[in-house]
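Protein chains: 2
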Amino acid sequence: MSDMQALIKKFRVKPGDRVKLRDQDAREESIYPDKDVAKAATEVFAKDINKLQDRLYAENKRALLVVLQGTDTAGKDGTITSVFSETSPLGVAVTAFRQPSEEELSHDFLWRVHMVAPRRGMVGIFNRSQYEDVLVAKVHRLAPKDVIEQRYDQINAFEKMLTENGTVILKFMLHVSKDEQKVRLQERVDDPAKRWKFNPGDLKDREHWDEFQDAYETMLHRCSTPWAPWHVIPADKKWVRDAIVASIVKTTLEEMNPSYPEVTWKKSEIKIS
Amino acid sequence: MSDMQALIKKFRVKPGDRVKLRDQDAREESIYPDKDVAKAATEVFAKDINKLQDRLYAENKRALLVVLQGTDTAGKDGTITSVFSETSPLGVAVTAFRQPSEEELSHDFLWRVHMVAPRRGMVGIFNRSQYEDVLVAKVHRLAPKDVIEQRYDQINAFEKMLTENGTVILKFMLHVSKDEQKVRLQERVDDPAKRWKFNPGDLKDREHWDEFQDAYETMLHRCSTPWAPWHVIPADKKWVRDAIVASIVKTTLEEMNPSYPEVTWKKSEIKIS
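Quick mapping for you: the protein sequence lines, in order, are chains A and B. By numbering that gives the first Met the number 0, the letter at position 216 of the first sequence is numbered 215, and the numbering carries on one by one without gaps. By numbering that gives the first Met the number 0, the letter at position 47 of the second sequence is numbered 46, and the numbering carries on one by one without gaps.
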C-alpha cells in the first residue's frame, strides 16, 4: 500500500462502521504539522489534479463527483477554492444546493440532484448535496421519520447507478469542532469582508449541534459504501483540511488513469489546404 | 478616458458599424509586443478578476456573461483557461454549446441558452452560444433564410432583457487568420496530446471559410448593441488575445463595482454561545 493509499484509508469510513464524531479529533494535524508544508503540498496536488482533469476531459468517458458536506463554517467553499485552484473552469462544475424551490419540492428529493450530475469528462462538485435531505430535513423534521429512513438506501442505489455508469464518487464530511465554529462565526460577525456570509439563522442550527452530529453519524454509517465512500476530514485547521482532500482527489484521479482517446482517422489521410 | 477604456474602444464594434474582418489584422500585437509582458499582464488581470468576482458573488445582485465565438482553433478554450485561471470555480460557470439535442431543437433556439444564463453573483461563460444559430446554421443552411434573418433582432431583444435584469454582457469574437488556423489544425494532427481535439469534419468548415467570415461580419454588424457589445480580438498570438480579453473583463467588472451587501442584523444583537 502506498503512503497515499494509507492516508486515504485513515480518513475513509469503512462500509458498516459507526463513526463517533466526538472521538474524531477535528484539530488533528499529525499528517501536516507544518502549515507552510501543507499549503505547498496542496498547491502541488492542485497542479496534478489539473493535469489529470485535462486527460479526463479528453477521454470524455467518465466523470468524478466530489460531494462536500459539513456544518456552517466547516469550509466547503474554501476547500473547493483551494483544491481546484489550478483547474481550468472548463473542466469543473460546482453546484451549490440551496433551499429547494417549490418546483424541486414537487419532485422526489433526488430529481434536482440528478439533473446536475456531472457530464462525462467533468469534475462535478456538490457544495451540499442530496445529504441535506437526511441532515437538515431530519433535524428540523421537514419530512416524516419513515420517509427519511428510506432515503439512505435510495441515495445508495442512486449513487451505485451513477458509478456503474462511469461516475466515480468521493464524499467528504468536513469535521469542525463546536469551539472552532464559534471562532469562525464570530469572525464573520466582526470582519466587514465576511459579514455578508453571516446569517443569524445559522445560530439556530448551532443550537441543534448534537442532533446534527447524530444525523451526520447515521449518514456516515448508512451511506459509506464501497462504490461511494465517505471521508471524515479534520477541518479545524484549514491547511490540513485542504491538503488531505486534495491528496485524496489527486490519488483517485490517478487511479482512474484517464487516457487520451484513440482517434478514428489516419494521419496520412488528412490534408489541410 | 483611461488607457483601459481606450483599449476597449479599439476592439469594440460600434453599434451599426460594418467590420471587414479582412481588414482586421489577426496578428496585431502593437499593444503587447512582448510575449512575457503580455503573459504577466494576463496574470495580474486574472488576480484582479478573482477579487472582483468575490465581490460580485457577495453582492449577489448582478451577473456577468462572457460570450466567446470564433472558428475552430480560434482559442476559445485557451482564453477561458487563461483569463479565469485565478477565479475560484465557485463563481464561474462555463457552458459549452454543442450540437443541439432533439429536445433542444424542438424548442426555439434561445430556450437552451436561457436555461443556462448565469445566476446572480456569477460569471457565466458561453463557449459558443446563441450565435451558432446565425453562423453554422446560416452557412450550412440549417434553417430557412427568413428564419435566420429574424434571429438577429430576437437575440438583441433577448440580450436586452438579460441586461435590464442585471446581467452585464461582453461578447468576444476571437479573430484568427486562415493561415494560423492551418498551423493549429496541423498541430492537432501531429501532436499526440492534441490529436483528440482534431475532427476531420472541421476541415469541411474550413472549406467554407469565406462564407463563415461573411456570417461573422453580419453578426457583428447586426448584434453589437449598446447593451451587449461585440469585440473583435486579434487571436493569432495567444498571449495578445488573452491579455486583451482579460483586460476588458477586468475593466468591466471594475465599472460594475460590486459591493458587499448591507447586513440586516446588528452586531450588538448577535450572541454566539
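Check before you lean on any hint, since a few could be wrong.
Below are the DSS-like pairs computed for lysine-lysine, each with C-alpha atoms no more than 27 Å apart in a straight line [claimed, not checked]:
#1 Lys193/A - Lys46/B
#2 Lys270/B - Lys50/A
#3 Lys236/B - Lys270/A
#4 Lys34/B - Lys193/A
#5 Lys34/A - Lys237/B
#6 Lys237/B - Lys181/A
#7 Lys144/B - Lys193/B
#8 Lys270/A - Lys265/B
#9 Lys236/A - Lys270/B
If you want the ones that stay clear, here's a sample from chain B, every Cβ over 10 Å from chain A, calculated [unchecked claim]:
#10 Val18
#11 Arg26
#12 Glu27
#13 Ala95
#14 Ser100
#15 Asn126
#16 Glu131
#17 Gly165
#18 Lys196
#19 Thr250
#20 Met255
If you anchor each label on the Cβ, the simulated ranges turn out as follows [as the list claims (entries may be wrong)]:
#21 Val146/A - Ala192/B: 47 to 53 Å
#22 Lys266/A - Pro225/B: 30 to 36 Å
#23 Met114/A - Lys181/B: 40 to 46 Å
#24 Asp2/A - Lys181/B: 36 to 42 Å
#25 Arg118/A - His139/B: 36 to 42 Å
Don't read these hints as lab results, they were simulated from the structure. From the three backbone atoms N, C-alpha and C, an ideal C-beta is built for every residue, glycine too.
Hint-by-hint comparison with the structure:
1. For the given pair, Lys193/A sits about 19 Å from Lys46/B by alpha-carbon distance, which is consistent with the 27 Å threshold.
2. The suggested pairing of Lys270/B with Lys50/A is violated, with an alpha-carbon distance near 46 Å, which exceeds 27 Å.
3. Between Lys236/B and Lys270/A the alpha-carbon distance is near 24 Å, which keeps this suggested pair within the 27 Å criterion.
4. Taken as a hint, the Lys34/B and Lys193/A pair is broken in the structure, with Cα atoms around 38 Å apart against an allowance of 27 Å.
5. Proximity of Lys34/A to Lys237/B is assessed by CA-CA distance (about 37 Å); at most 27 Å being required, the pair is judged violated.
6. A C-alpha spacing of about 48 Å is found between Lys237/B and Lys181/A, which places the hinted pair above 27 Å, so the restraint is violated.
7. Between Lys144/B and Lys193/B, the direct Cα distance comes to roughly 37 Å. Violation of the 27 Å bound is thereby established for this hinted pair.
8. At roughly 70 Å between alpha-carbon atoms, Lys270/A and Lys265/B are farther apart than 27 Å, so this suggested pair is violated.
9. A threshold of 27 Å between alpha carbons decides the hint, and for Lys236/A with Lys270/B the separation of about 24 Å falls inside it, so the pair holds.
10. A cut-off of 10 Å between C-beta atoms confirms that Val18/B is not in contact with chain A; the least separation is 26 Å.
11. Even its closest Cβ contact with chain A, about 19 Å, leaves Arg26/B beyond 10 Å, as expected for a residue assigned away from the interface.
12. Residue-level check passed: Glu27/B sits 24 Å from the nearest beta carbon of chain A, beyond 10 Å.
13. The non-interface label for Ala95/B is inconsistent with chain A: the shortest C-beta to C-beta separation is roughly 8 Å, within 10 Å.
14. Taking the minimum C-beta to C-beta distance to chain A, about 12 Å, the non-interface status of Ser100/B holds against the 10 Å cut.
15. Against chain A, the non-interface label of Asn126/B is violated: not every CB pair exceeds 10 Å, the least being about 7 Å.
16. With a closest Cβ-Cβ approach of about 18 Å to chain A, Glu131/B is found to remain outside the 10 Å limit, as its non-interface label requires.
17. Every C-beta of chain A lies more than 10 Å from that of Gly165/B, the closest at about 17 Å, which supports listing it as non-interface.
18. Not every CB of chain A lies more than 10 Å from the CB of Lys196/B, the least distance being 8 Å, so the non-interface label is violated.
19. Distance to chain A confirms Thr250/B as a non-interface residue, since its nearest Cβ pair spans about 20 Å, more than 10 Å.
20. For Met255/B, the requirement that its beta carbon stay farther than 10 Å from each beta carbon of chain A is met, with the minimum near 17 Å.
21. At roughly 50 Å, the beta carbons of Val146/A and Ala192/B sit within the given window of 47 to 53 Å.
22. In this structure the supplied range 30 to 36 Å is violated for Lys266/A paired with Pro225/B, their Cβ-Cβ distance being about 49 Å.
23. The supplied range of 40 to 46 Å is met by Met114/A and Lys181/B, whose beta-carbon atoms lie about 41 Å from each other.
24. For the hinted restraint 36 to 42 Å between Asp2/A and Lys181/B, the CB-CB distance of approximately 48 Å leaves it violated.
25. The supplied range of 36 to 42 Å is broken by Arg118/A and His139/B, whose beta-carbon atoms lie about 25 Å from each other.
The structure fails hints 2, 4, 5, 6, 7, 8, 13, 15, 18, 22, 24, 25 (numbered hints given earlier, in ascending order).
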